Amino acid sequence: MARGNRMKKADWSEGTNIKKQAGVSDMTMLSKITNEAINENLKMRFANADIYTYIGNVLISVNPFKDLGIYTMPVLKSYENKNRMELPPHVYAIAEGAFRNMIAYKESQCVIISGESGAGKTEAAKKIMEYIAAVSGGDSMSIKEIKDMVLATNPLLESFGCAKTLRNNNSSRHGKYLEIQFNSGGEPVGAIITNYLLEKNRVVGQIKNERNFHIFYQFTKAASQAYRDRFGISGPESYLYTSAAGCLDVPNIDDKKEYADTLQAMNVIGITLAEQDEIHCMLATILWLGNVQFSEGDDGNSLVADKGITDFIAYLLQVGPETVSKLMVSRTMETSRGGRRGSIYEVPLNVAQARSARDGLAKAIYDRLFDWIVVRVNQAMQARAESSYIIGVLDIYGFEIFDHNSFEQLCINYVNEKLQQIFIELTLKAEQEEYVREQIKWKPIDYFNNKIVCDLIEAKRPPGVFAAMNDACATAHADPKAADQSLGQRLNACTHSKHFMQYDGKFIIKHYAGDVTYETTGMTDKNKDQLLRDHLELCKSSGNSFLKGLFPEPLDQDSKKRPPTASDRIKQSANELVTKLMQSQPSYIRTIKPNENKSPSEFDDKRVLHQVKYL
Numbered sequence: 181m182a183r184g185n186r187m188k189k190a191d192w193s194e195g196t197n198i199k200k201q202a203g204v205s206d207m208t209m210l211s212k213i214t215n216e217a218i219n220e221n222l223k224m225r226f227a228n229a230d231i232y233t234y235i236g237n238v239l240i241s242v243n244p245f246k247d248l249g250i251y252t253m254p255v256l257k258s259y260e261n262k263n264r265m266e267l268p269p270h271v272y273a274i275a276e277g278a279f280r281n282m283i284a285y286k287e288s289q290c291v292i293i294s295g296e297s298g299a300g301k302t303e304a305a306k307k308i309m310e311y312i313a314a315v316s317g318g319d320s321m322s323i324k325e326i327k328d329m330v331l332a333t334n335p336l337l338e339s340f341g342c343a344k345t346l347r348n349n350n351s352s353r354h355g356k357y358l359e360i361q362f363n364s365g366g367e368p369v370g371a372i373i374t375n376y377l378l379e380k381n382r383v384v385g386q387i388k389n390e391r392n393f394h395i396f397y398q399f400t401k402a403a404s405q406a407y408r409d410r411f412g413i414s415g416p417e418s419y420l421y422t423s424a425a426g427c428l429d430v431p432n433i434d435d436k437k438e439y440a441d442t443l444q445a446m447n448v449i450g451i452t453l454a455e456q457d458e459i460h461c462m463l464a465t466i467l468w469l470g471n472v473q474f475s476e477g478d479d480g481n482s483l484v485a486d487k488g489i490t491d492f493i494a495y496l497l498q499v500g501p502e503t504v505s506k507l508m509v510s511r512t513m514e515t516s517r518g519g520r521r522g523s524i525y526e527v528p529l530n531v532a533q534a535r536s537a538r539d540g541l542a543k544a545i546y547d548r549l550f551d552w553i554v555v556r557v558n559q560a561m562q563a564r565a566e567s568s569y570i571i572g573v574l575d576i577y578g579f580e581i582f583d584h585n586s587f588e589q590l591c592i593n594y595v596n597e598k599l600q601q602i603f604i605e606l607t608l609k610a611e612q613e614e615y616v617r618e619q620i621k622w623k624p625i626d627y628f629n630n631k632i633v634c635d636l637i638e639a640k641r642p643p644g645v646f647a648a649m650n651d652a653c654a655t656a657h658a659d660p661k662a663a664d665q666s667l668g669q670r671l672n673a674c675t676h677s678k679h680f681m682q683y684d685g686k687f688i689i690k691h692y693a694g695d696v697t698y699e700t701t702g703m704t705d706k707n708k709d710q711l712l713r714d715h716l717e718l719c720k721s722s723g724n725s726f727l728k729g730l731f732p733e734p735l736d737q738d739s740k741k742r743p744p745t746a747s748d749r750i751k752q753s754a755n756e757l758v759t760k761l762m763q764s765q766p767s768y769i770r771t772i773k774p775n776e777n778k779s780p781s782e783f784d785d786k787r788v789l790h791q792v793k794y795l
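According to the working numbering, the stretch in the sequence shown is residues 181 to 795, in order.
Worth flagging that the hints you see were computed from the coordinates, not collected in a lab. This one's a predicted model, so the numbers in the text were calculated from it and none came from an experiment. Incorrect hints may have been included.
[Stated by the list, open to error] Straight line, CA to CA, 16 Å or less: simulated EDC-like cross-link-like pairs of lysine to aspartate or glutamate:
{"hint": "1", "residue 1": "LYS631", "residue 2": "GLU618"}
{"hint": "2", "residue 1": "LYS388", "residue 2": "ASP429"}
{"hint": "3", "residue 1": "LYS708", "residue 2": "ASP785"}
{"hint": "4", "residue 1": "LYS690", "residue 2": "GLU580"}
{"hint": "5", "residue 1": "LYS257", "residue 2": "GLU310"}
{"hint": "6", "residue 1": "LYS487", "residue 2": "GLU502"}
{"hint": "7", "residue 1": "LYS286", "residue 2": "GLU566"}
{"hint": "8", "residue 1": "LYS706", "residue 2": "GLU588"}
{"hint": "9", "residue 1": "LYS786", "residue 2": "GLU216"}
{"hint": "10", "residue 1": "LYS640", "residue 2": "ASP748"}
{"hint": "11", "residue 1": "LYS686", "residue 2": "GLU588"}
{"hint": "12", "residue 1": "LYS786", "residue 2": "GLU776"}
{"hint": "13", "residue 1": "LYS778", "residue 2": "GLU216"}
{"hint": "14", "residue 1": "LYS760", "residue 2": "GLU605"}
Full structure from sequences and hints, please.
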């Protein structure tokens with residue numbers, strides 16, 4: 181084939197010939213296109229260390245679980261100003277195509293990276309950013325500064341937003357859409373990050389052999405002596421939130437080195453030393469909150485086991501010691517009649533309730549801290565000149581199916597359904613409609629239009645799953661168990677859909693990527709996601725202006741208006757994301773995880789075939 185001959189002649193760098201490619205590098209050239217043929221071709225190429233393969237304009241990337249030496253500067257430069265088919269498939273070719281198309285057609289671009297956890301989405305996003313920073317023009321200090329900041333967001337947001345899971349040693353536990361802004365000459369002048377769905381429950385607990393967010397291990401292992409003395413910091417084994425899951429170290433992750441990278445990234449972005457002190461103070465507060473233990477009094481109510489710990493937390497938060505110890509074991513309740521305020525009284529908490537309230541405060545502080553970091557990064561990367569176009573890079577959770585699936589998986593899978601809908605609208609549906617307009621003869625391709633599943637989750641009428649949750653929260657707001665029972669009843673309204681089944685406190689949604697069974701227990705409480713008034717009062721009474729700034733909302737919010745739930749927020753964020761993506765010309769990278777063992781040599785046919793079918 182002429183195309184294959186061209187590939188053999190191309191060089192990655194002067195005097196270096198490209199090794200022979202296994203199988204076919206563009207699977208539109210397969211003699212017979214079936215799931216099995218695609219799978220076999222990917223397997224052949226994986227065995228030959230050819231991890232990238234095209235299907236037309238879509239790049240398939242199989243995680244090699246080792247360094248193949250294909251991201252050097254000579255390799256990167258070899259893709260500059262090259263047509264996609266001149267060189268072997270590569271993530272750099274996708275980045276080159278998006279960049280050149282933006283300049284040539286004066287259109288904004290986006291790169292949508294999808295795949296399971298551990299398939300290599302975050303690495304692909306980093307390589308896209310590295311390529312664009314390397315080949316985009318501009319020698320001025322301000323443009324160089326923007327490029328450096330864009331690259332610095334990677335180690336910073338990885339440390340605060342990624343964690344070791346059973347499937348992936350560097351799993352993104354949040355979604356990120358980075359928009360790099362360019363002037364009309366193709367020079368980067370600014371950037372904006374939008375973050376989605378931080379998995380804040382990870383802060384207070386992880387399943388066995390997983391870890392909390394990387395930053396906690398970096399901080400506890402490598403903190404300066406000044407921080408150790410000021411914030412009472414020792415090793416990660418000393419804190420419940422970092423040690424309970426039994427995993428302190430991860431192969432191939434050097435927490436001390438990565439802590440240095442995190443601090444350097446903060447400096448590049450312009451986070452001041454005073455702000456860095458405050459960030460570390462919040463991290464220390466969270467670690468110490470996890471060490472607050474409770475015993476049960478004779479009356480069944482909780483008691484703080486070690487008042488010395490709550491006193492130290494009070495010191496970190498700059499509030500009175502009694503305020504913290506009281507907040508740990510009681511809750512302020514307010515009655516209301518006919519929309520008017522009633523009496524306020526204190527309710528003692530049992531041990532389980534006290535642990536839940538303690539964890540709620542830790543999660544709230546981390547969630548607000550993460551948001552603050554993103555806002556601070558965006559301030560630093562604000563456009564230095566008028567921007568004409570953007571290249572967006574989306575790195576978001578992959579589809580998740582676990583043994584136990586709850587609210588978090590529902591939200592993640594809902595967002596993936598929305599992204600699949602974009603793929604259908606912009607690729608399959610649009611392409612075939614164009615064939616009809618141009619009267620081209622072809623055999624129509626059957627595909628599953630998943631709009632019906634998106635509607636099942638997000639519709640208001642008839643009520644979808646999110647609407648049923650919101651109604652359950654509203655009618656049984658004081659009792660989580662009653663709210664979960666109410667949810668079970670309200671989900672009956674979804675049984676009209678052939679993509680929905682319900683039984684025994686569980687429900688099944690038939691997603692495009694497979695059937696997922698969700699457990700309703702605890703769902704309504706996670707959906708409600710309200711900050712306790714006591715926690716808000718505590719943070720607003722602090723002598724620490726940084727902590728106060730993390731909680732800017734007024735204490736006396738309009739009690740008649742229902743605050744937005746977590747599902748309201750993710751639905752709004754997902755639809756805003758879809759709107760942004762639809763305004764850009766998309767490129768797609770579909771990442772595939774070849775095995776569950778992170779092995780560089782194992783290719784699990786069954787696992788890969790499943791991913792091929794839904795990707």
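Hints and how they fare:
Under the criterion of a C-alpha separation no larger than 16 Å, the hint pairing LYS631 with GLU618 is inconsistent with the structure, at around 26 Å. For the hint linking LYS388 to ASP429, the alpha-carbon distance of about 13 Å falls within 16 Å, and the restraint holds. Proposed proximity of LYS708 and ASP785 is contradicted: the alpha carbons are some 41 Å apart, above 16 Å. For the proposed pair LYS690 and GLU580, the alpha carbon gap of about 13 Å is at most 16 Å, so the pair holds.
Taking the CA atoms of LYS257 and GLU310, the gap is near 11 Å; set against the 16 Å cutoff, the hint holds. Only pairs whose Cα atoms come within 16 Å are accepted, and LYS487 paired with GLU502 is accepted, the gap being roughly 10 Å. Among the hinted pairs, LYS286 with GLU566 is consistent with the structure: their alpha-carbon atoms are about 15 Å apart, no more than 16 Å. For the hint pairing LYS706 with GLU588, the CA-to-CA distance comes to about 8 Å; that is within 16 Å, so the pair holds.
Among the hinted pairs, LYS786 with GLU216 is consistent with the structure: their alpha-carbon atoms are about 10 Å apart, no more than 16 Å. A threshold of 16 Å between alpha carbons decides the hint, and for LYS640 with ASP748 the separation of about 11 Å falls inside it, so the pair holds. This hinted pair checks out: LYS686 and GLU588 have alpha carbons roughly 15 Å apart, not beyond 16 Å. Straight-line distance between C-alpha atoms of LYS786 and GLU776 comes to about 11 Å, which keeps the hinted pair within the 16 Å bound.
With a C-alpha separation of about 23 Å, the suggested pairing of LYS778 with GLU216 is violated against the 16 Å cut-off. Distance hint between LYS760 and GLU605 is fulfilled; the C-alpha atoms sit about 14 Å from each other, no more than 16 Å.
Going down the numbered hints, you'll see the structure goes against 1, 3 and 13, while the others check out.
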